[in-house]
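Using UniProt numbering, the first residue of the sequence shown is number 1, and each one after it goes up by one.
Incorrect hints may have been included.
[To be verified] Using C-beta positions, here's what the derived DEER-type ranges look like: (1) 137 x 67: 23 to 29 Å; (2) 173 x 137: 52 to 58 Å; (3) 32 x 180: 17 to 23 Å; (4) 21 x 155: 43 to 49 Å; (5) 215 x 22: 19 to 25 Å; (6) 166 x 204: 32 to 38 Å; (7) 18 x 174: 34 to 40 Å; (8) 213 x 78: 24 to 30 Å.
[To be verified] Quick list of in silico lysine to aspartate or glutamate cross-link-like pairs, EDC-like style, CA-CA up to 16 Å: (9) 59 x 154; (10) 177 x 131; (11) 181 x 206; (12) 199 x 71; (13) 181 x 120; (14) 59 x 131; (15) 181 x 163; (16) 177 x 202; (17) 193 x 131; (18) 181 x 164.
Simulated from the structure, these hints should not be mistaken for laboratory data.
The beta-carbon is built from N, C-alpha and C at its ideal position, and this holds for glycine as well.
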Amino acid sequence: MLPAARKRVCTACWRVLQGVLTILERSSKASVQPSDVGLVEEAVRALATLEVSGAGACKQALQNASRLVADALRELRESVDEALAEAADEEGNAFEDEATVLTDSAVTTPLIALLQGTLDSLALATTTALDQAAPDLALNPLITCAQAMAAQVDTLVSSCDDEELEAVLEHAAALGKLLGKLHSVLADQCALKEHEGRKALETSIEFSRASLRSLG
1 MLPAARKRVC TACWRVLQGV LTILERSSKA SVQPSDVGLV EEAVRALATL EVSGAGACKQ
61 ALQNASRLVA DALRELRESV DEALAEAADE EGNAFEDEAT VLTDSAVTTP LIALLQGTLD
121 SLALATTTAL DQAAPDLALN PLITCAQAMA AQVDTLVSSC DDEELEAVLE HAAALGKLLG
181 KLHSVLADQC ALKEHEGRKA LETSIEFSRA SLRSLG
């Protein structure tokens, strides 16, 4: 069993045992609530449907990461739209001479493209890559990359709200390195080195990274 799958099983088992312990403790005081039993039943059902196979656990991790990245990308786009609208209102439909992080298209355009490239790379990993991955060899690196990328994207988007360009560029560079690792796994361990879609994604991501580096 892969470490990621083992961790999910342990967490699910802990929830069941924690629920049972709560019932036992409250039984001695005659204070058991129907909701206590419901929580245990819910935890048991979740445990029964848990993916424990290597490919299943990897697919679940990739899908979870994709959802988080998609949410962050949507949040960033909405923040950019709101910032542009506010800037236009404050200046009577004319922008300030000095743009902020969220109103500077030189920052937001490659940044959004980088996040879109992240989402597309995860989609490729979830579909084509999993079908061609070397048994178990590529699964752990795929899971590790996906989880690290999702966390880094969240940090990156949060840093945009602080209006600190240096921090944004630093987090974007860190995400770029993780994407590089993911594409190395896809190319070398998932037989996608010559995959046209992967190569196009890699080129697009590198262009976004270069555009952001030029701002530093």
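Going down the list of hints, with the structure as the test:
no.: 1; hint: 137 x 67: 23 to 29 Å; verdict: 26 Å, holds
no.: 2; hint: 173 x 137: 52 to 58 Å; verdict: 28 Å, violated
no.: 3; hint: 32 x 180: 17 to 23 Å; verdict: 53 Å, violated
no.: 4; hint: 21 x 155: 43 to 49 Å; verdict: 35 Å, violated
no.: 5; hint: 215 x 22: 19 to 25 Å; verdict: 53 Å, violated
no.: 6; hint: 166 x 204: 32 to 38 Å; verdict: 25 Å, violated
no.: 7; hint: 18 x 174: 34 to 40 Å; verdict: 35 Å, holds
no.: 8; hint: 213 x 78: 24 to 30 Å; verdict: 26 Å, holds
no.: 9; hint: 59 x 154; verdict: 20 Å, violated
no.: 10; hint: 177 x 131; verdict: 25 Å, violated
no.: 11; hint: 181 x 206; verdict: 13 Å, holds
no.: 12; hint: 199 x 71; verdict: 25 Å, violated
no.: 13; hint: 181 x 120; verdict: 15 Å, holds
no.: 14; hint: 59 x 131; verdict: 10 Å, holds
no.: 15; hint: 181 x 163; verdict: 28 Å, violated
no.: 16; hint: 177 x 202; verdict: 12 Å, holds
no.: 17; hint: 193 x 131; verdict: 14 Å, holds
no.: 18; hint: 181 x 164; verdict: 26 Å, violated
Violated hints, in rising order: 2, 3, 4, 5, 6, 9, 10, 12, 15, 18; the structure is consistent with all others.
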